[in-house]
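Enquirer: For reference, the chains in residue letters:
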Amino acid sequence: MMEITPRTARQWSRLGSRGIFGQAILSVAEDHPELMVLSADLGNSSGLDRFKAAYPDQFLNTGIAEQNMIGVAAGLAKEGFTVFATSFAPFIAMRASEQVRMNLGYMEMNVKAVAIGSGIAMGLLGNSHFGLEDVAVMRAIPNLTVVCPADCAAIIKTVEAAVAFDGPMYIRLTGAANNPPVYTEDFAFQIGRAIPLRDGGDVGLVACGTMVHVALRAADALAEQGIAASVIDMHTLKPLDGAALDALAARVPALVTVEEHTVIGGLGSAVAEHTAAQPDRVRHLALGLRDAFVKTGQYEYMLEQEGLVGPAVAERVRAFLREERT
Amino acid sequence: MTSEMTSATSHPDLARMAAFMRRKILDVSYTCGLTAHLGGGLSMVDVMAVLYGHVLRLDPKTPRWPDRDRFILSKGHGVLGFYPALLAAGLISEEVFATFQANGSALIAHPVMNLDLGIESSNGSLGHGLSMGVGIALAARKKRAGFKTVVLLGDGECNEGAVWEAVMLAAQLGLDSLTAVVDHNKLQSDGESRDIMQVGNMAERFAAFGWHALEVDGHDIDALVTAFDAPAPAGRPRVIVAHTIKGKGVPFMENDNTWHHKRLTKADHEAALAALTARGGGEAAATEDAP
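Each protein sequence line maps, in turn, to chains H and L. Counted from 1, the first sequence has number 302 at position 300 by the working numbering; the numbering is strictly sequential. Counted from 1, the second sequence has number 1394 at position 185 by the working numbering; the numbering is strictly sequential.
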């Protein structure tokens, strides 16, 4: 158990999502001899170097062969191992998509596919390495649980929950080093249960991954202009916490989803699928990455370019609310 | 290269089992009234009879027995060679077998994982089974379990790149409890494999990847038994390349790729049964309804 305090949250934040994933795996391994961690030759890039050194028998580099890695993971899971299979987002969600479908979806093998550095955190490595559309693909596969934790503390909570969860899962890690903290003290985390973070009656911001922090900063900016925003951390994209969403929608005139993923098939789509048939549904603005392979640069630059920073989100929310009034 | 199914054999029980399976394939293909993968089902029958009648340690009364050997049908469209083996081995009943391709059945055109029926995995999409087999064999080693893992691949299936990813990792890990069998019938959906994707010498390919490779006549029961029983070198996975004939046992289906996936009419069924009987297979099977 890794204790969450303002101090550890700051330390973890500096390590970033990959580093903290490696530490979280290391911390759960002691109590889980049935744990196996697989990597398609990205062990060091996935923060797993310490795990590899401490538990060499529970680590396997399958070579640069993600499709086979997922199949091997399923074979191990079939025989009782709890398997974390890791790679960069597109190499799992798309390169090995059909292996995920057959083994995790169809056969429901107890494999946690972990996408390192999803969204646009890979910056100058470019679109080949981005997770722009991974949620859309993974969410569409039956039986898969899809989780996208907000910060480093939430990644630890997700890993702890995933080890205890008997079933296939896609864990999507967003953010780079200096991943800003959302949680600075212990909190209740349950797969499939959204976390309300802020209460306000003018608009409801629903976010996942790195965009939870951005939504909170946007809510700060909106508050300065007299607009009270609710914020919820919808860390589980599937199954979506419809009850939390309904409770939020009942209290606000508009919903805004914010995600580091294209606006096609991700959190915005999941929320829209849930609310579309409701007779009194509220308006919904879906913010995320454009449907494009964007010009690349450093991560922070790209987030600015895509308008996925607090002030830019606040501005678009304000414009959306103005439209509503006219 | 091939012997007739009832020619002199030291394993008449296995020859009878193969004959029984062939008759079951024809009967169930006809009674279901739908298209089915006849050619590739018939080509693997003798391999499957040797596996389920001789090689695999299974307990039909305890299908989930933890120490059972694991069999993965990677060429998932080969169910017509698989379900009759499960029937002959007592893992599925005649009643269940008769539901083949009925609406809602557990036995459809590709395997659907069902441990109570002895079906270890869901397949149908090619190139998945060997990866899972590698994971299972690795798990066995980690758990110090004694069971074997056998994966049946099609030769056409070996067009899939993921097969070779698994081949490489199995050799790297030295998984000597893993056996791959290639049903090498030299035909695939669209035609002759040599016109579509040259494989050269399949056994040499596996050997080049570090596997212990054997080649046998996939319709010679004694040769198959010898190959499976032969001591294999430690530290290497093993492949048995079984040279087979697509449609084997029914002369008008043999090497005729129109039978890859086709419906068996009443006339076809009668002609096929007569041909089996003429070769001695049908009669043997007729007395073997409860093997």
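Source of the hints: derived by calculation from the structure; they are not laboratory data. Errors might be hidden in some of the hints.
Computed from the model, here is a short list of chain H residues facing chain L with C-beta under 10 Å [what the hints assert, rightly or not]: (1) M38; (2) A288; (3) G312; (4) A321.
Taking lysine-lysine pairs in the DSS-like style, the calculated list, with each CA pair at most 27 Å apart, reads [unchecked claim]: (5) K1395(L) / K1270(L); (6) K1351(L) / K1471(L); (7) K54(H) / K1395(L); (8) K1352(L) / K54(H).
Since this is a predicted model, take the numbers as computed values, not measurements. Glycine residues also receive a C-beta, built at the ideal position from the N, C-alpha and C atoms.
Enquirer: If a hint holds in the structure, say so; if it doesn't, say that too.
Expert: Hints, verified against the model:
| no. | hint | verdict |
| --- | --- | --- |
| 1 | M38 | holds, 8 Å |
| 2 | A288 | violated, 33 Å |
| 3 | G312 | violated, 44 Å |
| 4 | A321 | violated, 47 Å |
| 5 | K1395(L) / K1270(L) | violated, 37 Å |
| 6 | K1351(L) / K1471(L) | violated, 44 Å |
| 7 | K54(H) / K1395(L) | violated, 44 Å |
| 8 | K1352(L) / K54(H) | holds, 19 Å |
Violated hints, in rising order: 2, 3, 4, 5, 6 and 7; the structure is consistent with all others.
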